[in-house]
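**Student:** Chain by chain, the residues run as shown.
There are 2 protein chains.
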Amino acid sequence: MSISFHIDSSSGQARGGRLLTPHAEIETPVFMPVGTVGSVKGVPQDILEDLGAQIILGNTYHLYLRPGVATVRKLGGLHGFMAWRRAILTDSGGFQVFSLNELRKVTEEGVTFRSHLDGSSHFFSPESAMEAQIGLGADIIMAFDECTEYPVDRARMRASMEMTARWAARSKKYFEEHKREVPWGEVSSLQFPVSGPKGSGNQKLETGNSTQSLFGIIQGGMDRELRKESAERTIEIGFPGYAIGGLSVGEPRELTREIIESTLEHLPKDKPRYVMGVGTPDEIVEYAGLGVDMMDCVLPTRAARHGLLFTSEGKVSIKQARYAQDSGPLDPKCGCRVCQRYSRAYLRHLYASNEVLAQVLNTIHNLSFYLDTMRRVRHSISLGEESRFLASLWSRPKS
Amino acid sequence: MSISFHIDSSSGQARGGRLLTPHAEIETPVFMPVGTVGSVKGVPQDILEDLGAQIILGNTYHLYLRPGVATVRKLGGLHGFMAWRRAILTDSGGFQVFSLNELRKVTEEGVTFRSHLDGSSHFFSPESAMEAQIGLGADIIMAFDECTEYPVDRARMRASMEMTARWAARSKKYFEEHKREVPWGEVSSLQFPVSGPKGSGNQKLETGNSTQSLFGIIQGGMDRELRKESAERTIEIGFPGYAIGGLSVGEPRELTREIIESTLEHLPKDKPRYVMGVGTPDEIVEYAGLGVDMMDCVLPTRAARHGLLFTSEGKVSIKQARYAQDSGPLDPKCGCRVCQRYSRAYLRHLYASNEVLAQVLNTIHNLSFYLDTMRRVRHSISLGEESRFLASLWSRPKS
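For the protein sequence lines, the chains are A and B, in the order given.
Residue numbers are given in our numbering: position 141 of the first sequence equals residue 141, and the series is strictly consecutive.
Residue numbers are given in our numbering: position 321 of the second sequence equals residue 321, and the series is strictly consecutive.
Quick caveat, the hints were computed from the structure, so don't treat them as lab data.
Keep in mind that a hint or two might mislead.
For identical chains, the list gives no copy identity; a pair is met inside one copy or between any two copies.
Below, simulated PhoX-like cross-link-like pairs (lysine-lysine); rule was C-alpha separation at most 25 Å, straight line [claimed, not checked]:
| id | residue 1 | residue 2 |
| --- | --- | --- |
| 1 | K74 | K269 |
| 2 | K74 | K333 |
| 3 | K319 | K74 |
| 4 | K228 | K105 |
| 5 | K228 | K333 |
| 6 | K333 | K315 |
| 7 | K319 | K41 |
Generate the whole structure from the sequences, applying the supplied hints.
**Tutor:** See the structure below:
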């Protein structure tokens with residue numbers, strides 16, 4: 001067995017569960033911080049553990065280009081390479097190939113693209129994307145999909161959705177034939193300590209007996225019928241978990257919600273459901289309320305680097321001069337190590353002075369806010385408070 | 001009382017002691033990490049505490065320009081502003097005015113200089129430099145001195161040394177008249193936790209009853225006679241501690257050592273002796289062996305940012321391709337959180353990928369190496385092992 005998913009409680013459409021992976025047990029709904037090239041930018045791994053991050057996301061496209069799959073494989077996969085013993089998910093590389101490459105060339109076989117680092121030419125197919133993800137050795141990996149731009153005409157949406165379905169079948173075939181090649185057998189020479197996630201046991205599957213899990217991705221643009229057809233075709237291929245991709249690409253927020261809600265109706269209730277690349281704190285609460293189990297987003301980490309901080313009182317742009325002599329904490333209701341120690345004036349000074357510590361502290365706070373938010377969502381679900389948790393958790397002006 | 005210095009043990013010329021300041025007790029000889037604008041670049045304050053940093057240095061020039069003395073004063077001085085409850089020392093601003101300003105204009109009254117940030121014109125005199133340092137509120141502050149370039153003719157050396165002596169008298173006069181204006185009475189609204197330094201008590205003077213301490217600075221270039229005269233004139237003015245300034249400005253290392261050794265002969269044995277702006281790990285060991293009690297240097301933090309790491313096996317340039325698949329720790333003999341967890345391959349990848357975590361982890365390791373080195377020096381002195389400690393601590397090719 002490579003993954004197991006148990007729903008412990010539900011409240012309306014929302015569900016609280018446990019996802020057992022080879023490296024860690026994950027309480028769901030879960031938010032996954034993004035560690036693009038093997039690092040959640042600016043945050044040491046032990047602090048991520050302290051924050052309660054249960055699973056982080058790595059980007060196959062970036063890691064494939066640097067340091068390269070062979071290097072990561074040799075160091076024992078991403079877990080050994082970046083010294084992270086909890087769970088990891090990698091995306092398929094598809095989204096980055098499409099978003100970072102204007103000169104890409106797509107055929108039925110796969111995608112030819114140029115490296116954003118040095119312009120060198122590369123090729124990703126469902127098979128090579130699986131090969132890369134098996135070498136990286138995350139607990140959960142993703143089928144290779146095509147992402148379309150927004151807005152786009154329906155013919156293009158349909159063609160892309162259909163190719164994604166064919167690529168999903170090829171992804172699964174390659175994965176099934178090669179999944180035993182995951183580099184978990186190799187042991188790091190460093191025996192770093194691992195503390196258990198706060199408030200949860202440290203249960204996990206044995207890596208020795210298990211393999212990675214490959215999730216399918218539903219596409220179909222902003223068309224409910226195409227999404228339904230994509231879900232049916234992907235389920236027919238059969239995966240232990242399903243993601244909804246191709247959202248948060250510029251469409252209005254109401255449309256995102258509508259597509260998520262309608263697509264979820266077509267996904268199996270007993271499998272984890274993952275919405276890729278969303279969202280703001282209120283969005284992740286909202287989508288958890290719809291029954292989404294997993295989410296990831298660069299927003300907390302990227303916004304932190306631009307001095308945009310999420311707090312219980314709304315968004316704070318810490319660069320503003322109004323905070324220059326503000327001796328209070330960033331968020332009076334936050335228990336994170338940043339809010340417990342530093343003043344807004346200090347955080348503002350670090351940002352204004354271009355100090356690296358600004359990025360470090362801002363990112364720690366924003367991740368703490370996201371992870372705390374999801375912790376409260378899980379708690380509310382376990383108490384059956386669905387009707388109240390949206391209101392109580394996010395009773396502030398919408399950002 | 002504002003400072004008290006006790007020598008507990010000695011071994012040859014080296015001495016092991018305790019320096020009691022209003023905010024913390026410091027075990028000497030001590031290395032002081034540099035936190036230029038209120039942050040040791042990239043390292044959160046709680047990690048500095050864990051590393052055992054007992055006292056850090058702030059740069060008056062930088063803090064005066066940004067965020068400005070009034071802001072720091074309003075937030076309770078540097079301790080409150082940067083949420084650091086252990087000891088702090090500020091330099092006088094003199095060195096930066098001279099090293100960062102080619103268009104400065106020096107008169108007997110003081111120095112007119114331009115901000116490196118926006119080109120605006122400013123003026124530092126002994127009086128205004130004291131005013132700034134009282135507002136910043138460090139435990140130990142420095143007299144305003146003139147630094148000369150290297151090499152320089154003897155007439156210029158003498159003139160500069162003599163002006164530094166006159167400025168020292170003016171610095172002391174202003175300080176004595178205004179030292180009660182230190183902003184320690186104002187309490188931060190944040191009550192962050194403070195853990196005691198490892199392996200020492202948390203003794204300190206009461207801030208309520210005490211003031212800052214002003215140290216004098218010996219100048220005189222590379223001339224032993226001028227240094228002797230500078231020491232005599234500075235001692236005549238009278239300070240609770242003495243620094244040797246104007247070294248590490250490009251002169252050969254042998255000359256640095258010669259000037260330190262000869263100048264120390266003229267300084268009182270019962271007062272702390274501080275050599276400013278030195279040095280490599282082997283240099284700080286060497287100077288501690290000569291009887292120096294305090295040192296600071298940007299080298300560990302600046303080198304870290306360039307991927308140069310100090311280890312028990314010598315210097316490591318982590319950017320080199322030879323480390324790309326090296327699964328071993330940076331320094332097998334180091335117990336720091338970086339060496340205990342991450343591989344050389346990972347550190348090399350972070351550096352090559354321009355990840356902010358590279359600076360964070362590299363700086364933590366280099367500071368750990370420096371602070372550990374000084375800890376071992378203190379231990380050796382306490383055991384009376386002077387004759388062996390240089391050899392045993394630094395038995396590697398000179399860097």
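**Student:** For the identical chains here, do K333 and K315 meet the 25 Å Cα criterion within one copy, between copies, both, or neither?
**Tutor:** Classified as within; 14 Å inside a copy, 45 Å across copies.
**Student:** How do K319 and K41 come out at 25 Å by Cα distance, when the copy is not named: within, between, both, or neither?
**Tutor:** both (20 Å within a copy, 19 Å between copies)
**Student:** One pair to classify: K228 and K105, alpha carbons no more than 25 Å apart. Within, between, both, or neither?
**Tutor:** neither (28 Å within a copy, 76 Å between copies)
**Student:** Treating 25 Å as the Cα threshold, decide for K74 and K333: within, between, both or neither.
**Tutor:** between (44 Å within a copy, 24 Å between copies)
**Student:** Quick one: K319 to K74, C-alpha cut-off 25 Å, is that within a copy, between copies, both, or neither?
**Tutor:** For K319 and K74, the Cα distance is within 25 Å only across copies (19 Å; inside one copy 43 Å).
**Student:** I want to check one pair: K74 and K269. Are their C-alpha atoms no more than 25 Å apart within a copy, between two copies, both, or neither?
**Tutor:** So K74 and K269 fail the 25 Å test inside a copy (38 Å) and across (57 Å) alike.
**Student:** Is it within, between, both, or neither for K228 and K333, if the alpha carbons may be no more than 25 Å apart?
**Tutor:** neither (42 Å within a copy, 59 Å between copies)
Violated hints, listed in ascending order, are 1, 4 and 5; each of the other numbered hints is respected by the structure.
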